[in-house]
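Asks: Read off the chains here:
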Amino acid sequence: MMHDGGGHVVRLRGVGKEFGAGRVVALDDVTFDVPSGQLLVLIGLSGSGKSTLLRHLNGLQRPTRGDVEVLGVDVVRARGAALRALRRDVGFIFQGFNLVGRLTCLENVLAGALGRLRLPRYGVLTYSRALRREALEQLDRVGLADRPFQRADTLSGGQQQRVAIARALLQRPRLVVADEPVASLDPESSAQVMDVLFRVCAEDHLTVVCSLHQVELALGYAHRVVGLRDGRQVLDRDARALSSAQAMTVYQRLGADPAEVTGRVLATAGNAGSA
Amino acid sequence: MLAVLTAVSVREVGLSGGALVEGIGDIRRLVARMLPPALPELGTSLDLLLETVSIALLGTTLALALSLPLAFLAARNTSPHPAAYGAARAVITAARAIPDLVFALVFVRALGLGALPGVLALGLHSVGMLGKLFADAIEETDRGAREAAASTGAGRLQVITSSVLPQIVPSVVGLFLYRFDINVRLSTVLGFVGAGGIGQQLRATLGNLRYPEAMGTVALIFVLIVGVEVLSVAVRRTLLADEGAGVRDGSVLAFLGRRGRRRQAQVPPTEVAGAIRPPWTVERRWKAAYGVALLAALAMSMGGTGVNPLQVVAAVPDIWGVVQRFWPPDFSSGTDLLIDGMVETVAIGIAATFIGTVLSVPIAFLAAGNIAPARWVYVAARTVIVVVRSIPELILAVVFVAAVGLGPFPGTLALGIGTIGFMAKLLSDALEELPQGPRDALDAVGATRMQQTATAVVPQVTPTLVGQTLYMLDINIRSSVVLGIVGAGGIGFLLVQSIRTLAFERTAAVLLLVFAVVYLVEHLSAWLRRQLI
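Protein chains in written order, with my numbering: chain A, 956 to 1230; chain B, 39 to 571.
Everything labelled a hint here was simulated from the structure, so no lab data went into it. Yeah, the Cβ is synthetic: ideal placement off N, Cα and C, and Gly gets one too. Among the hints, a few may not be true.
As the list claims (entries may be wrong) - Stretch by stretch, here's where chain A covers chain B in the computed footprint (C-beta under 8 Å, at least three residues):
(1) 185 to 196
(2) 204 to 210
Claimed, not checked - Covered stretches of chain A (in silico footprint by chain B; criterion: 3 or more residues with CB under 8 Å from a CB of chain B, positions within the stretch not fixed):
(3) 1030 to 1043
(4) 1117 to 1127
(5) 1153 to 1162
My request is simple: use the sequences and hints to build the entire structure.
Replies: In structure tokens, the structure reads:
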């Protein structure tokens, strides 16, 4: 599923976000594009603005300044039906899974179809057979076809995140945004979830923007790595040309001035990865 | 200061040693004339009991239908606009502040005698509790799940039905059953003001001095209430067994004193591959069975009482007509009557709390498993509590008025005894939860049982006792407002009088005064609790 002639799926221009009337600067002048089909990983410390940035991509948050364009839609100004139409095209994976624990896996996955449906739904049986079958197929793709009617809160964390991935897939998205998808999981489940996530996204030729804590994990999966520090872009490189040590500079407390860090990283980085 | 206030109140309601002895003598004589109880005409009684339950069920269902949408407007996280939030909260508070009997009196006047005003009265008054607690439940839902639904491109209504509603369903079911339980108690009294149910029969038998039959009716009411409570607890247990986290056991539901055992969440057996219909697990069968039973009960209730949704809708213009006549409130005439009535109401509340506390403390100690001297004492004390709890205070008040005559004295006695059901229960539960250590220490010192209790238990439970007494005071002053409706003293008399004479502006004035006082007392008692504990 290619985007309008294979152009940029995400276009960020000078995005700034302040909370509490300028007291806290979460994002500061972030500018980059994500071409179609790219697998971009955001790295950075907690509080560096990764989540905030991702939440701008489907309008869960709006910038204080700058432009956010996703799939050709001006997210900053989109409201109502236009915003919902955009959200339908953006599958969002949350750190905390955000499933409804009381509901079955299948019903949680079916929520991914809400953007396509007009009326409110309550209960698996209010969705058409075709949709239920489609939801079951997505569950199958994440390896959970054997338990569609198990309550979501009885699953392990890794399984819950896979249900959430299936929910995002049912949206038939063009862009997948994943906010620390494995931060609350043990290493083994983490690897499993990451494998599933990147396998299905590759199968569907989806563009992915994913934030991660773990540099090794990031380098293993990403086409391109962008580093944030105190809300500023301090790294933007092709993943193949990036060593783990270089990536780690994002996490080091070098000096007080982010600009200095930017200088060092970019000096070693060479051409930023527009693949 | 509290002691002085209590003494003044006790005098105000005419409660003295002599009066108490005399009053209790009167009640004993009345009870003697009531014994042995005679069953009133069984067919009629059963019809009326059925009508009582039907009114409660329809009223609770109406309240559910009104409260749910209102709650979404009154919850910060789902309300579309601050103005809608404020308005919804105001409606809920008003519904709670107006006693169900006042609603019933007004509706009987507006719509005529029968079950319909009873259903409407319970339905509207219950919105005060259900709306508030549903809104609280909505505000406690997980924000992440809402965000996830919104991120799929779902609209506002879709987000609510797909992510908020499923999260609050256990609370809704639990609270519906709990409120139904309360409404059955309330609807036994509705007949006194002509709003249907078994209350009519109690009123008629007492009025005609057919005391044995009146006693029989009270016994039937008791059986009904116990039966409904057992049923609702059983339903709650099967339906909410695996929802431990969803039902806030610490709050209202704990009142029933039985905690649903938490079953291990069921993992269904490996399912048929490719199944896209939910399997018929045991749980799902129970849910379906209860759903069908509820629908059948609703249909029967509508058939039996002749109340249907269309009628409720058709009543709206009439109700609106009456509501408009409440404005402007008329404070002009008989201001001293108003103030006297209010003072008497507050005095009844204080005196009843005093009597109730004096009676509750010993019973509570005997009903605490870790303190009761013998198993049979424990069982007997718990039985007393359960029995008292199962007789609505207003039914007691009616019987006492018949024995002693009109006035605040029977009302005080009824509320005082009614206090036991609540207070002794909570206090004995608190006693049972006290740590055993301090008593063991005194046991080791060689103290007697009484000494252990006095030195190790009483100091530990004193803060609880003080807190509960103040809480009961708050509740009892609210309850004493309606006592006057059955002739048991206080400002309720003015309410009945003004409604009967269609002087609704006057009713509004009385209600506003009541709101002000109840509000004041609530905050005062909360403030005192903070100071003392």
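Asks: Using C-beta distances, would you say chain A covers the region 204 to 210 of chain B, given that this needs three or more residues below 8 Å?
Replies: holds (count 4)
Asks: At a Cβ distance under 8 Å, does chain B reach at least three residues of the region 1153 to 1162 of chain A?
Replies: With 0 residues closer than 8 Å to chain B, the region 1153 to 1162 of chain A misses the three-residue bar; violated.
Asks: Holds or violated: the region 1117 to 1127 of chain A covered by chain B, criterion of 3 or more residues with Cβ-Cβ distance under 8 Å?
Replies: holds (count 4)
Asks: Can you confirm whether chain B covers the region 1030 to 1043 of chain A, using C-beta to C-beta distances below 8 Å and requiring at least three such residues?
Replies: holds (count 5)
Asks: Has the region 185 to 196 of chain B got at least three residues whose CB is nearer than 8 Å to a CB belonging to chain A?
Replies: Our answer is that it holds, as 11 residues pass the Cβ test (under 8 Å) against chain A, meeting three.
Of the hints listed earlier, the one the structure fails to meet is number 5.
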